[in-house]
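A.B. asks: As a plain string of letters, each chain reads:
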Amino acid sequence: MIRHVARRVVYLLPIAVMTSFLVFSMLLLLPGDPTFALLGETATLQERAALRTKLGFDQAIPVQYARWVGHMATGDFGRSLRTQEPVADMLAARVPVTLELTVLAVLLAVVIGVPGGIIASLKRNGWADLFVSFFAMGGMALPYFWAGILLIRLFALKLDWLPPSGFVPLAQDPVANLKLMILPSVTVGISLVALVMRQTRTSMLEVLSQDYIRTARAKGVSRTRLLVRHALQNALIPVVTVIGLQMGTLVSGAVVTETIFSLPGLGRMVVEGIFTRDLAPVQAAILVIVIGVILVNLLTDLSYAALDRRIKL
Amino acid sequence: MSQSLAPALAIRETRSESRFVTAARRLLHHRAGMCGLTVILVIVICAAFAPWLAPYDPAEIDYDAMIAPPSWLHPLGTDEIGRDILSRVIFGARVSLQIVFVAIVLSLLVGGAIGLASGYVGGRTDNVLMRLMDGLLAFPLLVLALGVIAVLGPDLINAIIALAVVNVPGFARLVRGQVLSVRERDFVQAARATGAGHLRIMVVHVWPSVAGNVIVYASLRASAVLITESSLAFLGLGATPPTPTWGQMLATAMEYWSAWWMSIFPGLAIFFAALAFNFFGDGLRDALDVRIGE
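Sequence order for the protein chains is A and B. Number 80 in our numbering belongs to position 80 of the first sequence; there are no gaps in the numbering. Remember, our numbering sits 1000 above the position in the second sequence when you count from 1.
Bear in mind the hints are in silico, worked out from the structure with no lab data behind them. The C-beta atom is built at its ideal place from N, Cα and C for all residues, glycine as well. Keep in mind that a hint or two might mislead.
Ranges of calculated distance between the beta carbons of each label pair, as one might list FRET restraints [stated by the list, open to error]:
hint : chain 1 : residue 1 : chain 2 : residue 2 : range
1    : A       : Leu-13    : B       : Ala-1191  : 34 to 42 Å
2    : B       : Ser-1071  : A       : Thr-42    : 50 to 58 Å
3    : A       : Pro-96    : B       : Gly-1197  : 55 to 63 Å
4    : A       : Glu-206   : B       : Ala-1211  : 30 to 38 Å
5    : A       : Gln-59    : B       : Glu-1060  : 53 to 61 Å
6    : B       : Gly-1195  : A       : Leu-13    : 42 to 50 Å
With the hints as constraints, model all of the structure from the sequences given.
C.D. replies: So, in structure tokens, the structure goes:
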């Protein structure tokens, strides 16, 4: 097991280095003097020179990069140009929001998508199966922001069941927080639900047609046990893959959704930073997002081991 | 020599043509693919003939008909300053299609060149380029696009550049893989033996056998590019306000909740366009018998 984990980490390490280098290089690619982006127009020449030495712009690029990584690793993300707030504090406030949003979306996909897919697979071409096919097709072409708008229209404005937007931290008031997070997480999760449903259906159909299922049935295994213990466990492996692969799309959806529902998450931080030409928070938020996605990929790989007994570690 | 070559050339001609015909026939029988193609054609016609099809000027302000619900005068209603939504949706098709097309062609050219060079040259070049592509691929699509815009600044040209950059690694990886499988084939070796230069081999001999897959991939990417484009427009990072875009119309609609028509119709346009691109891409993939994508 440890060897397997180590191998995956070694495989993902160059990608993590490359992505962080790309985020770092945003500063190098910036047209003009980067100290303008970091300190604004009003800074004095001395301040600019001091920052240039601090960031080591006079040094070779690999050296600069190493220093930058060092700063990031010790939690020094710089300060916001606009508010002078340390970017680390902004991250601390915003990471939980985006994390909650994506976790709830994945939860939704598993809780609705997997049973939906199983039901569809049990009666091929039945009405449930047709519904799943249509839902899967539509769910993938549905733009997040439109889904969000439609959900607000229906559940917040017409039916008045849920609040249309706003945010309360989970720790402060869990009930109010969840109420506010339901519509956003459905918005982010809806296309994942569709994909998971379709994948569960496909892989259940495939697994159910295999010999060992027939053997188990011949042995007199009960229907529930057959489905859950024998079929589902193997059918879930590709489903986990799909969820892992969709992490990037999910985060993209979260970025837009945070804007619709005015949630103070990482996506909002990036977009606000772009509008105020405030690069430090944008860089930090993008870095955190990418590293997060890479870590989820690692977790996905490792979870195969737990699901698939055939993968010997 | 020339005598013996002529029949061979003729055979090649008929074979390649019949392959095209087979693909076209298969596409014609692909129901979802044809549905997609029909919708795409409708959108293309809307885009091409927008000034003639649209009942109003998309920027024409009418203070007497602000936030008017759908009626005979304005079939899809009007927006907050009395502009006709139908006309704006039709002109929006023009903007979106242009952006999607330019972005995909750009990423195809750049990604294709990187993939060709990487696969054909191999070695260190390949290694460096592919690590760079892996790094770009690790970013979520929209987040990478936002990163590019953060560096270049928010405007339409930069949004197009961002959409192109985001799709470069996909094309590069695809083309590289194809090139690797073609590189050692007999006809490439033969070209090399006749003394063809590297550039000629890449462009004349390798590229055509890769092109089919690239076209399928491009059409499969179209819906994702469209959705990313409208996401950027929705966030206010696409074309600037007087230009009508579907995404930006939806952003405005969020300030006028009572006007359902403002949020329904532009959304429907994006939804059906994305769906159509998906269906057509699938159809094309089946017709050309290519196994890529999901």
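A.B. asks: All hints, please: hold or fail.
C.D. replies: Each hint, compared with the structure:
1. A:Leu-13 <-> B:Ala-1191: 34 to 42 Å: Holds, since A:Leu-13 and B:Ala-1191 (Cβ atoms, about 40 Å apart) stay within the stated range.
2. B:Ser-1071 <-> A:Thr-42: 50 to 58 Å: About 53 Å separates the Cβ atoms of B:Ser-1071 and A:Thr-42, which means 50 to 58 Å holds.
3. A:Pro-96 <-> B:Gly-1197: 55 to 63 Å: Roughly 58 Å apart at Cβ, these two residues keep to the hinted range, so it holds.
4. A:Glu-206 <-> B:Ala-1211: 30 to 38 Å: 33 Å, holds
5. A:Gln-59 <-> B:Glu-1060: 53 to 61 Å: 57 Å, holds
6. B:Gly-1195 <-> A:Leu-13: 42 to 50 Å: This hint holds: roughly 44 Å between Cβ atoms.
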